[in-house]
Structure formats: C-alpha cells, structure tokens
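Undergrad: Below are the chains, spelled out letter by letter.
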Amino acid sequence: MFDTALTFNDLMFMLKGAGMTLSVTAFAVVGGTLLGLFFGVLRSQISPWAALPLTFVLDIFRSVPLLIQLILANAFQAIAGWGISPFVTSCIVLALYTSAYCTEIVRGAIEAVPSVTRRAARSLGMTWGQDLTQIVFPMALRVGLPSWIGLTLGVMKDSALVMWLGIIELLRSSQILVTRLQEPMFILLVTGAIYFALSFPIARLGSRLEKRWQEND
Amino acid sequence: MIEIENVHKSFGALQVLKGIDLTVQKGEVVSVIGGSGSGKSTLLTCINGLEPIDKGRIVVDGTEVHARDTDLNKLRRKIGIVFQQFNAFPHLTVLENVTLAPRKVKGMGRKEAEEIAVQQLSHVGLADKLGVYPSRLSGGQQQRMAIARALAMSPDYILFDEVTSALDPQLVGEVLDTLKLLADEGMTMICVTHEMSFARDVSDRVAFFHKGVMAEIGAPDQIFGDPQQEETRQFLSSVR
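Chains as they are written, first to last, in this note's numbering: chain A, 1 to 217; chain B, 1 to 240.
Each hint should be verified, as a subset may be incorrect.
To be verified - When the alpha-carbon atoms are kept at most 16 Å apart in a straight line, the in silico EDC-like pairs for lysine to aspartate or glutamate are as follows:
{"hint": "1", "chain 1": "B", "residue 1": "K74", "chain 2": "A", "residue 2": "D131"}
{"hint": "2", "chain 1": "B", "residue 1": "K104", "chain 2": "A", "residue 2": "D131"}
{"hint": "3", "chain 1": "B", "residue 1": "K74", "chain 2": "B", "residue 2": "D61"}
{"hint": "4", "chain 1": "B", "residue 1": "K78", "chain 2": "B", "residue 2": "D61"}
{"hint": "5", "chain 1": "B", "residue 1": "K55", "chain 2": "B", "residue 2": "E3"}
{"hint": "6", "chain 1": "B", "residue 1": "K211", "chain 2": "B", "residue 2": "D21"}
{"hint": "7", "chain 1": "B", "residue 1": "K180", "chain 2": "B", "residue 2": "D201"}
{"hint": "8", "chain 1": "B", "residue 1": "K18", "chain 2": "B", "residue 2": "D54"}
{"hint": "9", "chain 1": "B", "residue 1": "K106", "chain 2": "A", "residue 2": "D131"}
To be verified - Calculated from the model, a selection of chain B residues having no Cβ within reach of chain A, i.e. all distances over 12 Å:
{"hint": "10", "residue": "G12"}
{"hint": "11", "residue": "G35"}
{"hint": "12", "residue": "R110"}
{"hint": "13", "residue": "Q170"}
{"hint": "14", "residue": "G186"}
{"hint": "15", "residue": "M196"}
{"hint": "16", "residue": "S197"}
{"hint": "17", "residue": "R205"}
{"hint": "18", "residue": "Q228"}
{"hint": "19", "residue": "Q229"}
Since the hints were made in silico from the structure, they are not lab data.
For clarity, every value in this text was computed on a predicted model and none was experimentally measured.
Where is the CB? At the ideal position from N, CA and C, for every residue including glycine.
Could you put together the complete structure from these sequences and hints?
TA: See below:
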C-alpha cells in the first residue's frame, strides 16, 4: 500500500539529529533560564533607569533575527581566532537569546506578585531574602510557568537554525534525506512527528503543573 | 508601650500625618476612627516600620522604630499587623500560612510551629481548615487566618488596619468576635476601624483622626456620648 525508501538506518540518522536538537535546546534553555532568572530578579529590584543598559542589550537579542545572531557570532569568533566549535557557539547564542525572553517572563511574573502580599510577609518579620524565596518566587513561578513552557518549545523549534553553522540537527538531517530519497512529504511528516514527540511531554508537564496549582488557587 | 511623638509623614506633596502624639500602654485597646484619608492607616504602617516617617519618633518598648540601627525584622516579631486585604499566601495551605513565619523568622522546628499554629487556628475557629488553600476560604475565614498568622508570632502588640472593610456585611461579625476575644485576653491592640459599635464596646480609648491630626482622644463613652470637637460631632453624625 505504502512504499518508502526510508530505511531503519535513515531513521536512526534522523533520531541522531533529534538528539542534537535536544542537546542544543537543553543547553540553551538551562543556560538561558539561569541567566534570565538572574537578570529578571535584578530588573525587578533595581530602578528602570539603572536597568537601562541591561534592557538595551537584551532588546538586541530579542530584536535581531536569530539566524543573523548565529552567523555573526560564528564569524566573529572565527575572526577573533577563539576556535570555539559551532556547537558551543550555537549553545551560547541560543542561551543568550533565551535569556532575553526569560528575563521578561521572570520580571513580569515577579511584578505580578501583589505588593500588599509582600508587605504582609515583611510585617511578619521576614527579611527581604525570605520574602523573595518563600513568597515571591513560588507565586511568580505559577504566573511565569506557562510563558516559560512556551519559550522552551519555541527555542526547540528555533534551534533548527543552528544548521547554518553546519550542525546536523533534526531538520537538517531530514533535509539531507529529502535530497537523497526525494520523498519530501513523507520525510517531513516523520520529522514533524519527531518534533511533536519531543515537545509533547514538555507541554504536558506544564499543563499538569498548572492544573495542580489551579486546584489550590 | 508604644510611644508616638510628633510624627509627620508625607507622600510627595500630600501631608498625611501632621504631628501625631499618642501613647498606648501594655494591655490597652485603642480604636482609631476618622474619615478616609485622615491618616489612620498610614500611622499603623509607620508603627511597624513599613513606612518611613519624615519627622518625630515612634518608640516601641524603648526601641526607636525608625532609628538607623534598629533591626526592623526583629522588632516586627513583636508587632503583628493585620491588613484590610487579607493578604493570604495563596500557594500555601492555611496551616503553612501560619507556620511560615515562626519557622523562617524564629527558626522554630516544624512540629513546634505546627502545634502553635493549630492552637491559634482553633482560637479563631479554623481548626477544621488546616490543609485547605486560602482560595477555598470565605473572606471572613481568610481574615481570621491572617489574625492567627499574626498571633502565631506571639506578638506583644497587634495593629488592625480596617480588617472588616473588605468583607461582606454578614462576615463582619465573625471577625469582630475574634477581635473582641483578643481584647478580652488582654492583647494590646490598635484598631483602625469603621465599626463604631465595635470601637465603643471594646476599646479603652478611642482616637478621632481628622486630616492628619488627632482631633480628639478619650474614653469611648466620652467620644461617642459627649464629643468635644466640632469635627468629631460631624463625623459621628455622618456615620450613624
């Protein structure tokens, strides 16, 4: 009924690409989230004026297309002779790109915690740090998580752009197979299914946490 | 003893407190009444140092609240405050709401903190709500939880900032009953309130604030029965 030249080895080749997609995404999201947490907390605590330089730099990462960032960063490190591998370059650029968005999510979530609730915490004798860790972070987590899940899923798809630095991730591997086997429809279908399989658990995890918290709130 | 001496406070160009003098003795219940914007709530947030003051001083048990070297976090352990908005911590159960500060601020063990919390929650009639999240409580129950949360720190003073103003009328009674209970037990309380009958029945003294000034203070019978100031008379006739 259905005939394809796609072999088991080809499929393994694609899964290897998927593994690359996952690892680039993981580095980018972990690095970007840690940076984003730091910048986001910083931005919520200092005045907008003091945060201006940081905001400006992060705006650059949010405004310039990721593809241009990747290619420029790679070219720059080559000219500077740093000898950083395309993989590491990709992870760094993607992490900074992620951090720029994550910073806004964190800042917004922290600012969504009512100041009167924080006052109540301080009035009980809690220190600034205790208020932050016991009250603000848990409350902000519930606000920011849906956006953060969206960011993670977005970064996973955006990570396809690292193929332009010669990295064979999922989309690039499928392109190679399309060129060789001339079965674009079927191969893209498989590729899409793999992307879905990678994203679905993350999306589910997010909605499960949300649901659990909603039952309480 | 809380000693308030010539306290001035402005928010920008708006002068909220224009020289307040008030001394509250241990075990005393003082109600503060007055129109909105008269500065009564601001005074409470100044007493526990949530707001800085511009002039004058507030001394609690010999410690000047706004002195540079005062450890406010330590001072706040003995001055509880309950706000108009209930300010429950929504991510914590009722029990956790009450145990959080004793554990984190006083360094109490979980078991000891829970014992105290259960005791205080029973006190305000919430013993059956320990594992419930605040969103499942009525406004009156949330406010009583906030009172238990303040009590769990075993404060020497409690400040009540219009604690019934955000409640549906039928829920006001249960919260006022809790306050009466505390007053009967000898807790030192300053209650900013719009509930005149409460102020009359429970307080040792009633202070009337008008435009940032304490226009009059005296025994409840005197303030409500024989007010000396024209502003007090006008205010009381407007709320009756």
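Undergrad: Next step is simple, just say for each hint if it's right about the structure.
TA: Here is what the structure says about each hint:
no. : hint            : verdict
1   : B:K74 / A:D131  : 15 Å, holds
2   : B:K104 / A:D131 : 10 Å, holds
3   : B:K74 / B:D61   : 13 Å, holds
4   : B:K78 / B:D61   : 10 Å, holds
5   : B:K55 / B:E3    : 14 Å, holds
6   : B:K211 / B:D21  : 14 Å, holds
7   : B:K180 / B:D201 : 9 Å, holds
8   : B:K18 / B:D54   : 10 Å, holds
9   : B:K106 / A:D131 : 14 Å, holds
10  : G12             : 17 Å, holds
11  : G35             : 22 Å, holds
12  : R110            : 14 Å, holds
13  : Q170            : 24 Å, holds
14  : G186            : 22 Å, holds
15  : M196            : 26 Å, holds
16  : S197            : 27 Å, holds
17  : R205            : 24 Å, holds
18  : Q228            : 34 Å, holds
19  : Q229            : 32 Å, holds
The structure is consistent with each of the numbered hints, conforming to all of them.
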